[in-house]
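K.L.:
Listed below, chain by chain, are the residues.
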Amino acid sequence: MTNIIGNLLIFFSLSSSFASVYFYFKKKFSLFLKSYLLSCLLCFSSFLFLIYCFVISDFSISAVYQNSHSTKPLIYKIAGSWGNHEGSMLLFVCIIAIYGSLFFYSSKNIETNFRNLTIFFQNILKIIFLLYLFFLSNPFDYIFSNPTEGLGLNPILQDPLLLIHPPFLYFGYIGFSLVLSLVLSGLIKNFFDKEWASLSKNWVIVSWVFLTIGILLGSIWAYYELGWGGYWFWDPVENASLMPWILSVALIHSMLIMEKNNTFKSWTALLAIFTFSLSLFGTFLVRSGILNSVHTFANDPERGLFILGIIIFIIFFSLLIFILKTNFTDEKKNVVFLSKENFLMYNNLFLIFFLLVVIIGTLYPIVLATFSNENISVGPFYYNTILAPFVFIFLFLMGTGPMMKWYKNEFKSKVSLIVSAGLISLILVLVSSYIPKKINIIYVLGLFFSFYLISATIYEIALCNTLIKIKQNLGRNLSHLGFGLLIMSITLNSFFSKEYNFMINLNEKFTSDDIEILFEDFKITKQSNFDQFSTKFKISKDKETIILRPSIRKYNQPEQLTSEISIKNTLLKDFYLAINYSSIGERRLIGARYYENFFILGIWISSLIIIFGGVSRLVFRK
Amino acid sequence: MKYFLITIIFLFSFETFADDKINSKVIEISKNLRCLVCQGQSINDSDSDFALDVKKLVKKNLEEGKTDKEIYSYLKLKYGDWILYKTPFNLRTILLWLLPIIIILFGMKLIFRRTKFE
Numbered sequence: 021m022t023n024i025i026g027n028l029l030i031f032f033s034l035s036s037s038f039a040s041v042y043f044y045f046k047k048k049f050s051l052f053l054k055s056y057l058l059s060c061l062l063c064f065s066s067f068l069f070l071i072y073c074f075v076i077s078d079f080s081i082s083a084v085y086q087n088s089h090s091t092k093p094l095i096y097k098i099a100g101s102w103g104n105h106e107g108s109m110l111l112f113v114c115i116i117a118i119y120g121s122l123f124f125y126s127s128k129n130i131e132t133n134f135r136n137l138t139i140f141f142q143n144i145l146k147i148i149f150l151l152y153l154f155f156l157s158n159p160f161d162y163i164f165s166n167p168t169e170g171l172g173l174n175p176i177l178q179d180p181l182l183l184i185h186p187p188f189l190y191f192g193y194i195g196f197s198l199v200l201s202l203v204l205s206g207l208i209k210n211f212f213d214k215e216w217a218s219l220s221k222n223w224v225i226v227s228w229v230f231l232t233i234g235i236l237l238g239s240i241w242a243y244y245e246l247g248w249g250g251y252w253f254w255d256p257v258e259n260a261s262l263m264p265w266i267l268s269v270a271l272i273h274s275m276l277i278m279e280k281n282n283t284f285k286s287w288t289a290l291l292a293i294f295t296f297s298l299s300l301f302g303t304f305l306v307r308s309g310i311l312n313s314v315h316t317f318a319n320d321p322e323r324g325l326f327i328l329g330i331i332i333f334i335i336f337f338s339l340l341i342f343i344l345k346t347n348f349t350d351e352k353k354n355v356v357f358l359s360k361e362n363f364l365m366y367n368n369l370f371l372i373f374f375l376l377v378v379i380i381g382t383l384y385p386i387v388l389a390t391f392s393n394e395n396i397s398v399g400p401f402y403y404n405t406i407l408a409p410f411v412f413i414f415l416f417l418m419g420t421g422p423m424m425k426w427y428k429n430e431f432k433s434k435v436s437l438i439v440s441a442g443l444i445s446l447i448l449v450l451v452s453s454y455i456p457k458k459i460n461i462i463y464v465l466g467l468f469f470s471f472y473l474i475s476a477t478i479y480e481i482a483l484c485n486t487l488i489k490i491k492q493n494l495g496r497n498l499s500h501l502g503f504g505l506l507i508m509s510i511t512l513n514s515f516f517s518k519e520y521n522f523m524i525n526l527n528e529k530f531t532s533d534d535i536e537i538l539f540e541d542f543k544i545t546k547q548s549n550f551d552q553f554s555t556k557f558k559i560s561k562d563k564e565t566i567i568l569r570p571s572i573r574k575y576n577q578p579e580q581l582t583s584e585i586s587i588k589n590t591l592l593k594d595f596y597l598a599i600n601y602s603s604i605g606e607r608r609l610i611g612a613r614y615y616e617n618f619f620i621l622g623i624w625i626s627s628l629i630i631i632f633g634g635v636s637r638l639v640f641r642k
Numbered sequence: 699m700k701y702f703l704i705t706i707i708f709l710f711s712f713e714t715f716a717d718d719k720i721n722s723k724v725i726e727i728s729k730n731l732r733c734l735v736c737q738g739q740s741i742n743d744s745d746s747d748f749a750l751d752v753k754k755l756v757k758k759n760l761e762e763g764k765t766d767k768e769i770y771s772y773l774k775l776k777y778g779d780w781i782l783y784k785t786p787f788n789l790r791t792i793l794l795w796l797l798p799i800i801i802i803l804f805g806m807k808l809i810f811r812r813t814k815f816e
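Sequence order for the protein chains is A and B. Counting from 1, position 285 in the first sequence corresponds to residue 305 in my numbering; the numbering is continuous, with no gaps. Counting from 1, position 115 in the second sequence corresponds to residue 813 in my numbering; the numbering is continuous, with no gaps.
So that you can see chain A by itself, here it is in the shape it has in the complex:
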């Protein structure tokens, strides 16, 4: 019964979407909008209904049967509805609809033709994915055998962050669908100008804020769930979320130029088209399973191919409109050397470069394997080596660019400011190079350039003498400041952090350098969905003692072991202990990894500052 209701909701949502297309071509715009809103409403209802099916554990629905279990806590029943392929696709379509409806409600006083066509395109995107969902990955598929119990949710996903990480990420990715619709309809309706840029920029920033939060949450989750001590692994799926992020930052900056002087239009259009394409590409990579990744919990190569088809169709169609409708003559204007536009162009160049490095690093092994049967691996070593020198230059440009003037070269008048920011950074670097016993070039340069960006941005903030100026520039200043702090924290983290791996028995001690780790105690407890083997470790260093209690869980549905790490956060560093399950048994021998991770808190806080920058740009928009 429930599967029929779910399918009907999706079917009627599709029908009213098609009706909306029909009314658009018949120029009955009031009906067009009404049927569009109805289709969105039906789409939300189907998603809420899916959550309901998960909550009541209706195992006649295949998605529920495969990803849920009646003994699971309520939040994982709810979150489980998007912790699988079908459910996450329904969430995907729902968010396309949410952005469409939000645009509808917030755009009542903009040009009607442009507005209608934007909603029309948003509707088309919704139809494409709804068709895919309905025929190829239907969350309401029925199971005839009528099972009494479900298979349960992957224990690694049973974490409160499952409730918020995927939705944030999706709100980020899919926000760019609206940006794509805005570009296409702007191009067709000749509305692609300054005014378009200042309207659309807000939507780009909204999506960017969500995407940044999504990536941050994913990073935090990986940090405490995987137990490898790190927060970023250059994993293909992480890269897939980083790619649209980088491109959207480039898009925001190129929109600044377009908003100011009505140039850079075709470049902005291209960036917008590819930002959404890359968001989809990320979904494709996660779903297809063509990559060797830690995220391979929800994939199916065949359906991945269909997503690839959809991406190719969307790119092809968008580029077609772009080529037919763009007037390239406005692009011939030259830009003054060292003006603000010039710096923004370099911003775009560097961001595109970073993006291409990530793309090349991710795809090169696949291409090579296809053509030569040679398998190579690309990992952190490649990214760090290639990216580091350019990130340093980028930091310098990022600190200097905002000081520059539009249209003219007034670099000379700012030289004293640049030099003094450089001097301050130099002093700070000298001080911080004094602390460790030995230093390396990456440490020195990384710190110098991030200090430069931080001090230059603080100058910028200090130069704002009126409240209006402070508000207007707050978005940029916070984001830039946060980025400087982020690179600083990453540099310090990678330089100071330490790691020890060892095997240990109860009541034994591991000693190394100046630390002493004692395996003091253990106990076994039972919870509703898992049994837990908890340990107690005492870590002594410089007369300081801390207790860490990592554990191993044995989940019963599905039966799987997971390792739960134990962290003690301090302002300066995290004490982090993970134990592994491969060696427990009668002998009680434990494999342990102990990390001292520096400036992790700094990494989270600076990311938050970057996010606040985006939010304050939305709050104090002109």
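Derived by calculation from the structure, the hints in this document are not laboratory data. Any given hint could turn out to be false.
Chain B is faced by these chain A residues, among others (derived, beta-carbon under 7 Å) [stated by the list, open to error]:
{"hint": "1", "residue": "254"}
{"hint": "2", "residue": "255"}
{"hint": "3", "residue": "355"}
{"hint": "4", "residue": "373"}
{"hint": "5", "residue": "397"}
{"hint": "6", "residue": "399"}
{"hint": "7", "residue": "401"}
{"hint": "8", "residue": "478"}
For glycine and all other residues, C-beta sits at the position ideal for the given N, C-alpha and C.
Mind docking chain B on chain A? Use the hints.
P.N.:
Just chain B now, with coordinates in the frame of chain A:
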């Protein structure tokens, strides 16, 4: 049984010749090696039997005074380039390393063409 032996050896090796320098070197090297039986994990991050075997092997080689280079090339010989996260620069990876540099130079040329110097 094999695994049991490894853990015993591992346990004793740490207790008897706990050498901090070698241990941190093992970590450094095994971070640059892919765990071949895992999903996108380095040898250092993995607790699989395979990863433990390789870590043990690296440690043994270091204790015998072998250099990093010798260890990497031995592993490469045995398992192929797939195991090296530290992507080498050679004929097969030349584009991987040079393409980004070509791209940024080309981009700079494009910007220069559209810049007026006053």
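K.L.:
Would you mind marking each hint as holding or not holding in the structure?
P.N.:
Hint check:
1. 254: 9 Å, violated
2. 255: Holds, because the Cβ-Cβ distance from residue 255 of chain A to chain B comes to roughly 5 Å (cut-off 7 Å).
3. 355: Holds: closest Cβ of chain B sits about 6 Å from residue 355 of chain A, inside 7 Å.
4. 373: 5 Å, holds
5. 397: The hint holds - residue 397 of chain A has a Cβ within 7 Å of chain B, the shortest such distance being about 5 Å.
6. 399: Holds, about 3 Å.
7. 401: 4 Å, holds
8. 478: 29 Å, violated
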